Amino acid sequence: SQTIHQWPATLVQPVGSPLSLECTVEGTSNPNLYWYRQAAGRGLQLLFYSVGIGQISSEVPQNLSASRPQDRQFILSSKKLLLSDSGFYLCAWRGAGTGGNQPQHFGDGTRLSIL
Amino acid sequence: AQKITQTQPGMFVQEKEAVTLDCTYDTSDPSYGLFWYKQPSSGEMIFLIYQGSYDQQNATEGRYSLNFQKARKSANLVISASQLGDSAMYFCAMREGPGTGGFKTIFGAGTRLFVKA
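Listed in order, the protein sequences are those of chains A and B. Take the working numbering: the final residue in the first sequence is number 115, and no numbers are missing along the way. Take the working numbering: the final residue in the second sequence is number 1117, and no numbers are missing along the way.
Isolated chain A, as found in the complex (with noise of 0.2 Å):
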């Protein structure tokens, strides 16, 4: 069965910091995968997505990249941290291929707080 991993669940970071969250999928090959990011009590937004090894769709200019060096792991990084860049962190992957009609499925989060 799939699994998706990401870690770490909790973050705590200086501002001016580097950060490196990872994300990884087991069991699919050649998934879709996201990287979504939740501020307190609101929605989720669509930060990047990619389709393969080392393609990156970037949907809001800002202060994060996103990098996939294998096909099942997907890295959000960012060489100087804001006050802003803090929030819920959720990687999610889709299975390419499966047809439109399948659901995105989602890791447990990462809680970055930056200080």
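Derived by calculation from the structure, the hints in this document are not laboratory data. Just so it is clear, the structure is predicted and the values come from calculations on it, not from any experiment. Don't take every hint at face value.
Some chain B residues close to chain A (C-beta under 8 Å, calculated; not the full set) [what the hints assert, rightly or not]:
hint: 1; residue: Pro1030
hint: 2; residue: Gly1033
hint: 3; residue: Phe1035
hint: 4; residue: Gly1043
hint: 5; residue: Thr1105
Here are the simulated distance ranges between beta carbons [said to hold, decoys possible]:
hint: 6; chain 1: A; residue 1: Lys80; chain 2: B; residue 2: Glu1015; range: 26 to 32 Å
hint: 7; chain 1: B; residue 1: Gln1056; chain 2: A; residue 2: Asp108; range: 35 to 41 Å
hint: 8; chain 1: B; residue 1: Arg1072; chain 2: A; residue 2: Asp71; range: 39 to 45 Å
hint: 9; chain 1: A; residue 1: Ser20; chain 2: B; residue 2: Ser1041; range: 23 to 29 Å
hint: 10; chain 1: A; residue 1: Ser77; chain 2: B; residue 2: Lys1070; range: 22 to 28 Å
hint: 11; chain 1: A; residue 1: Val12; chain 2: B; residue 2: Pro1040; range: 22 to 28 Å
hint: 12; chain 1: A; residue 1: Asn63; chain 2: B; residue 2: Gln1057; range: 40 to 46 Å
All C-beta atoms in this analysis are idealised placements derived from N, C-alpha and C, irrespective of residue type, glycine included.
Once you have looked at the hints, place chain B on chain A.
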């Protein structure tokens, strides 16, 4: 541009009664899909129900049904016989494509549902 709107920040419902959560959308893609997810306080995202743009009938999954009105671009979630465990945040989401970028999916701002005993 692709857009999802949920106009109800919070809703209250009495246990065992039905409740409707509103969702409107905007897209120029003739092929799209609409999803509803539930997010309890734990933060996990739980898929509830799906409606495709070409589906002729409204989707149903147990106590969940989707009132799909294509001309009005609305996809409201109906929860029948509410339970205390239904208290959570509910998100409407829409995917377009596939296009060159795959299945892009965006979410609404969410509606927080409170079920009263």
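Checked hints:
1. Pro1030: For proline 1030 (chain B), the interface hint is violated, since the closest Cβ of chain A sits about 12 Å away, which is over 8 Å.
2. Gly1033: Holds, about 5 Å.
3. Phe1035: holds, 6 Å
4. Gly1043: holds, 5 Å
5. Thr1105: Status holds, d = 6 Å.
6. A:Lys80 / B:Glu1015: 26 to 32 Å: Given range 26 to 32 Å: violated, Cβ gap about 49 Å.
7. B:Gln1056 / A:Asp108: 35 to 41 Å: holds, 37 Å
8. B:Arg1072 / A:Asp71: 39 to 45 Å: Taking Cβ atoms as reference, arginine 1072 (chain B) and aspartate 71 (chain A) lie about 41 Å apart, which means the hint holds.
9. A:Ser20 / B:Ser1041: 23 to 29 Å: Holds, since serine 20 (chain A) and serine 1041 (chain B) (Cβ atoms, about 27 Å apart) stay within the stated range.
10. A:Ser77 / B:Lys1070: 22 to 28 Å: violated, 40 Å
11. A:Val12 / B:Pro1040: 22 to 28 Å: About 24 Å separates the Cβ atoms of valine 12 (chain A) and proline 1040 (chain B), which means 22 to 28 Å holds.
12. A:Asn63 / B:Gln1057: 40 to 46 Å: holds, 45 Å
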